[in-house]
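J.: Based on the sequences and whatever the hints tell you, model everything.
When we follow this note's numbering, the leftmost residue of the sequence shown carries the number 32, and every step to the right adds one.
Don't read these hints as lab results, they were simulated from the structure. Remember, it's a predicted structure, so these values are computed and weren't measured experimentally. Heads up, some of the hints might be wrong.
[Claimed, not checked] Simulated pairs of lysine-lysine, DSSO-like, Cα-Cα distance not exceeding 30 Å:
#1 182 x 198
#2 125 x 49
#3 192 x 72
#4 198 x 128
#5 185 x 49
#6 192 x 128
#7 49 x 182
#8 182 x 72
#9 49 x 72
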Amino acid sequence: MRVLVIGTEDLAGEHVVKLLAEKQHEAVALASSENQEEGLKKLGASDVLRTDRNDFSSAFTGCDAVIYLGGASPRTGESKPILIDHELVLDSIKSAKEYGVRLFVLLSALRDDETDTSGSGTTGAKQMPEELLRKEGIAYTIIRPSAPVDKPGKGRVEVAKTLAFEKGEIPKEDLASVLVEALEADSVINKTITVTSGETPIRQALTEL
Numbered sequence: 032m033r034v035l036v037i038g039t040e041d042l043a044g045e046h047v048v049k050l051l052a053e054k055q056h057e058a059v060a061l062a063s064s065e066n067q068e069e070g071l072k073k074l075g076a077s078d079v080l081r082t083d084r085n086d087f088s089s090a091f092t093g094c095d096a097v098i099y100l101g102g103a104s105p106r107t108g109e110s111k112p113i114l115i116d117h118e119l120v121l122d123s124i125k126s127a128k129e130y131g132v133r134l135f136v137l138l139s140a141l142r143d144d145e146t147d148t149s150g151s152g153t154t155g156a157k158q159m160p161e162e163l164l165r166k167e168g169i170a171y172t173i174i175r176p177s178a179p180v181d182k183p184g185k186g187r188v189e190v191a192k193t194l195a196f197e198k199g200e201i202p203k204e205d206l207a208s209v210l211v212e213a214l215e216a217d218s219v220i221n222k223t224i225t226v227t228s229g230e231t232p233i234r235q236a237l238t239e240l
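T.: What follows is the structure, given as structure tokens:
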């Protein structure tokens, strides 16, 4: 499967690229600098495209799926809620539909009322991107994680269809595994799920949902 990863500089993005390569998928990644490009190739990316956020639609060409982490604002920092960049994710969803992408896996935010205090107006509540994705006719999985943290992954999570944990956390490595496993988990197609650290192996947690 050829998979475009948007957001390799944020959160679990590098882990996603590495996992895709290990599972024999073709990982297509976006890079904004030569150093980032080299790093992504070392992680196993099949193609790395040098581009900027204002013009990356051609990256969707030939892709079967998208894993989107690109709207997760780095301003949130460690153990903080994810903020969603409306403009970037909306453009990505529209491009995915235009280029015939079959599956869109969106890393969203856990809470409905997450807000951006930076004053930029580009990030904030997640409802708009999620609603567009549901209406565009692309198969999707929306994943709302608890706070991502830089800790070793355990390979075990708790998954639910509704908000069941407001203050949990999840290692970025495990979050990346959830995003990649969602590509082949029919049980989560066209569903919105919440995920945090738990005791169930990741693949089992998704298939049993």
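J.: Which earlier hints turn out false for this structure, listed by number in ascending order?
T.: Those not satisfied are hints 3, 4.
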